[in-house]
Amino acid sequence: MASIRLAQVNKIYRSRGHAVHAVKDLDLTVEDGEFVAILGPSGCGKTSTLRMIVGLEEITSGDIFFDDRRVNDLDPQARNVAMAFETYALYPSFTIEENLSFPLEVRGVPAAERRKKVHDLAALLRIEDILGQKPAALSGGQQQRVSLGRALIRDPAVFILDEVMSHIDAHLKLQMLFELKRIHQELGKTMIYVTHDQVEALALADRVAVMSHAALQQVGTRNELYHEPVNVFVADFIGEPPTNFFPAELDAGDDQPFLRAKNAALTFAVPVERARRLAAGGRRDYVVGLRPQNLHLDGAESGAAPAGGMLTAEVAINEYVGERTILTLVADGHRFRAQAHAETSFGRGERVCLRYASSDVMVFDAETEALIA
Amino acid sequence: MARLRIEGLCKGWDFPVIDNLDLTVEEGEFFVVVGPSGIGKTTLLRLIAGLESADAGRIAIGDHDITNLPPYKRPVAMTFESYALYPHLSVFENIASPLRARRLDAAAIRATVTEVAKLLRIEALLDRRPGEISGGQKQRTALGRTLVAKPQVFLLDEPISHLDAKIRHDLRLQFHALEELRRVATLYVTHDYVEALSLGDRIGVMGRGGLVQIGSARDVFLRPRSLFVAEHLGQPAINAVAARLTGEGTALHVRAGNSGFGFPVVAAHAAALARGDIQRVTVGIRPQHVKVLRNGEDAPGHHVIDGRVEIYEALGANGVLVADAGGVNLTALTSPERDFTHRQPVRLALQTDAVFYFHAESGDNLLL
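From first to last, the protein sequence lines are chains A and B.
Everything in the first sequence is counted per my numbering, starting at 1 for the first residue and increasing by one.
Everything in the second sequence is counted per my numbering, starting at 1001 for the first residue and increasing by one.
Just chain A, with the same shape it has in the complex (with noise of 0.2 Å):
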């Protein structure tokens, strides 16, 4: 059991004059039996950070600490980290339960806790009834829990996983990972998940480490990214649909401020506080974000209306993904979506009146990109 602490990290790759800055100045830690993922999309830094934590990366500069210990220079044996990867390698001639035996069979332990170890191991990832067979006989979600089962069983102080759910079908998917947030509550162990996949890090994380551009760009619950992401990078990527952006400048309007997008009479309450803030801070350019769940359709139950505006549009595409319709929409030259009931039915052209609580509608800084509060 370990808390990791990564301090001022950075790594920069050198190749043939080039320098690369894969992870800039990042601040993380990872509590002692904490679930954290790190999400970002390819070439973000994430991978990087996890190669440098299990060692198999140099630190350019900065410290890795597990719990007090600087382990910037213990070749990765000496961590005590396992690392779990999509697909583990299994011997096809063993059993499972040979398989599940054979790391610890080469460290010396002795057959009897052995058997034991395999067998609350198999009870934890209930995978005890197919601890005869081999593995070609597996069907996908086997071999997934078997291969945890293989980075598991030497009991690792810390342990990484690698975008291990990233081609398990959609349709499995949710289970496979409520399944591995089970293990990991039972576990009590130290976790870090790398994913590029928002469902995936919301759904087994207590928090979720945001990278892009080599930085860390947030550290949080789903509810802190969700509600206040601090940047733009941050609303965009988490949410699905993405946050429907519009760049919007203020105006002092008749009794309040309000917001107006650029080159077009779309305009966004906001709550009579924040506009007050925003009136007094000088500041010319805005960018308006506002979720797709948060644009209610006219009409739709949304309990009592909270202050609010409307916004008016055309439907360009009506998408039915079953449980849902997402419309995508156009409103003066700006394109955006909104997530309505599975039932929805619009055709092209057709227009549509939204609602939005003032509340939910969140601004940033154009220039900087960071969130207004």
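If you are wondering where the hints come from, they were derived from the structure by calculation, not from laboratory data.
Worth double-checking, as some hints may not be accurate.
Claimed, not checked - Some chain A residues near chain B, calculated using beta-carbon distances under 10 Å:
#, residue
1, Ser-166
2, Ala-203
3, Thr-328
Stated by the list, open to error - Per the computed footprint, the stretches of chain A lying under chain B, defined by three or more beta-carbons under 8 Å from a beta-carbon of chain B, are:
#, segment
4, 147-157
5, 174-180
6, 220-233
To be verified - Beta-carbon label-pair distances, calculated as ranges:
#, chain 1, residue 1, chain 2, residue 2, range
7, A, Glu-224, B, Leu-1069, 57 to 67 Å
8, B, Pro-1075, A, Glu-31, 58 to 68 Å
9, A, His-167, B, Ala-1060, 32 to 42 Å
10, B, Gly-1062, A, Arg-284, 30 to 40 Å
11, B, Arg-1218, A, Arg-126, 50 to 60 Å
12, B, Asn-1068, A, Arg-115, 38 to 48 Å
13, A, Ser-15, B, Ser-1134, 15 to 25 Å
14, A, Gly-33, B, Thr-1114, 51 to 61 Å
15, B, Asp-1219, A, Gly-347, 12 to 22 Å
16, A, Ala-357, B, Gly-1008, 56 to 66 Å
17, A, Ala-357, B, Gln-1174, 26 to 36 Å
Where is the CB? At the ideal position from N, CA and C, for every residue including glycine.
Chain A is fixed; fit chain B onto it per the hints.
Okay, now just chain B, sitting in the frame of chain A:
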């Protein structure tokens, strides 16, 4: 006329992967094949492209039988899941490669590539190499290369499944908007039901041996022919509960196991089920049809049962709740703004008129 017509197609190795498959994709139609990994979707595309040879059957495009033509003589263009771009060539040259093969002159090539690149919004990347662009950009480059080939049939293999959610949404819209695709027959395969429902004029659900159901998005989602189809479409997956039907005539009741889980069968369903004199069924309840009631809220027309929260996770689009309801684990879809704690008592409203009943052994939908 360039419709794609497949008749009695067979292909197998140790066991039949495609067994006597018939399918016609009309000119201008966007047909999506959806199914689990490893079921044979890519094999189907490779047979049409000529990269595999059929054991039996016939493939025709328009009036031309292409079954025995070599790949390069078939009027089809295929994108691969792995993009298969030339790493040493620029984006421009990658897109231009089918045109060079046809020996078009330089001006015509430049004009065509520029037009397609503009359509796909990659015109600024034409000088870069595949190693210097993102996954979404590679995907669009591969799509561009397919589009310039001016084929009569497009074959698209999982073109967007492995990209970020944001790019997937944007590229789906591009597929909706691409007029080029509306002029020819397109066969698109994916394991992601959202892509299938969103894009397909018609959708074919692939199971062992071939297509187990063909229909519109609403057909396959709202009227699944079997439990296999229902389980494959939807996230979280449909609740499949082994249950008994008790009672007489039209006063039927669902009871699950030895637990307290159960509900009355609505009259329309009871009439259909009574005809079959069936006792053991698998009840299919979509998570979206399990409503988690707020305090004091009631749900007319629903059957309300008590449960306790086992798992709750708010995700990006919605919240997913798993509750223990009288010994049965039920998954419900909620607004992502809700919050629940472990073991919290909840009231669940089942929309019983939207429930499916499947044969306990065959999995056939008993209401169809």
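Exercise. Hint says 15 to 25 Å; check whether the CB-CB distance for Ser-15(A) and Ser-1134(B) agrees.
Key: At roughly 20 Å between Cβ atoms, Ser-1134(B) and Ser-15(A) fall inside 15 to 25 Å, so the hint holds.
Practice problem: Confirm or reject the claim that Ala-357(A) and Gln-1174(B) have a C-beta distance inside 26 to 36 Å. | Solution: Because 31 Å falls inside the window, the suggested range holds.
Quiz item: Okay, Gly-33(A) versus Thr-1114(B) on CB: inside 51 to 61 Å?
Solution: This hint holds: roughly 56 Å between Cβ atoms.
Quiz item: Okay, Gly-1062(B) versus Arg-284(A) on CB: inside 30 to 40 Å?
Solution: violated, 59 Å
Quiz item: Holds or violated: 38 to 48 Å for the Cβ distance of Asn-1068(B) and Arg-115(A)?
Solution: The hinted range 38 to 48 Å is violated for Asn-1068(B) and Arg-115(A), with Cβ atoms some 59 Å apart.
Quiz prompt | Claimed coverage, the segment 220-233 of chain A by chain B - three or more beta carbons nearer than 8 Å | solution = holds (count 3)
Quiz item: Counting residues of the segment 147-157 of chain A that have a beta-carbon nearer than 8 Å to any beta-carbon of chain B, does the count reach 3?
Solution: Violated: only 0 residues of the segment 147-157 of chain A have a Cβ under 8 Å from chain B.
Practice problem: Evaluate the given range 12 to 22 Å for the C-beta pair formed by Asp-1219(B) and Gly-347(A). | Solution: Cβ of Asp-1219(B) to Cβ of Gly-347(A): about 19 Å, so the range 12 to 22 Å holds.
Self-check item: Beta-carbon spacing of His-167(A) to Ala-1060(B) - inside the hinted bounds 32 to 42 Å or not
Solution: holds, 34 Å
Quiz prompt | Stated coverage of the segment 174-180 of chain A by chain B [criterion: 3+ residues, CB within 8 Å] | solution = Our answer is that it holds, as 3 residues pass the Cβ test (under 8 Å) against chain B, meeting three.
Exercise. Hold the hint about Ala-203(A) up to the distance rule: shortest CB distance to chain B must be less than 10 Å.
Key: Because about 5 Å separates Ala-203(A) from the closest Cβ in chain B, which is inside the 10 Å limit, the hint holds.
Quiz item: In this structure, is the beta-carbon distance linking Ala-357(A) and Gly-1008(B) contained in 56 to 66 Å?
Solution: holds, 58 Å
Against the hints set out earlier in the document, violations occur for numbers 4, 10, 11 and 12.
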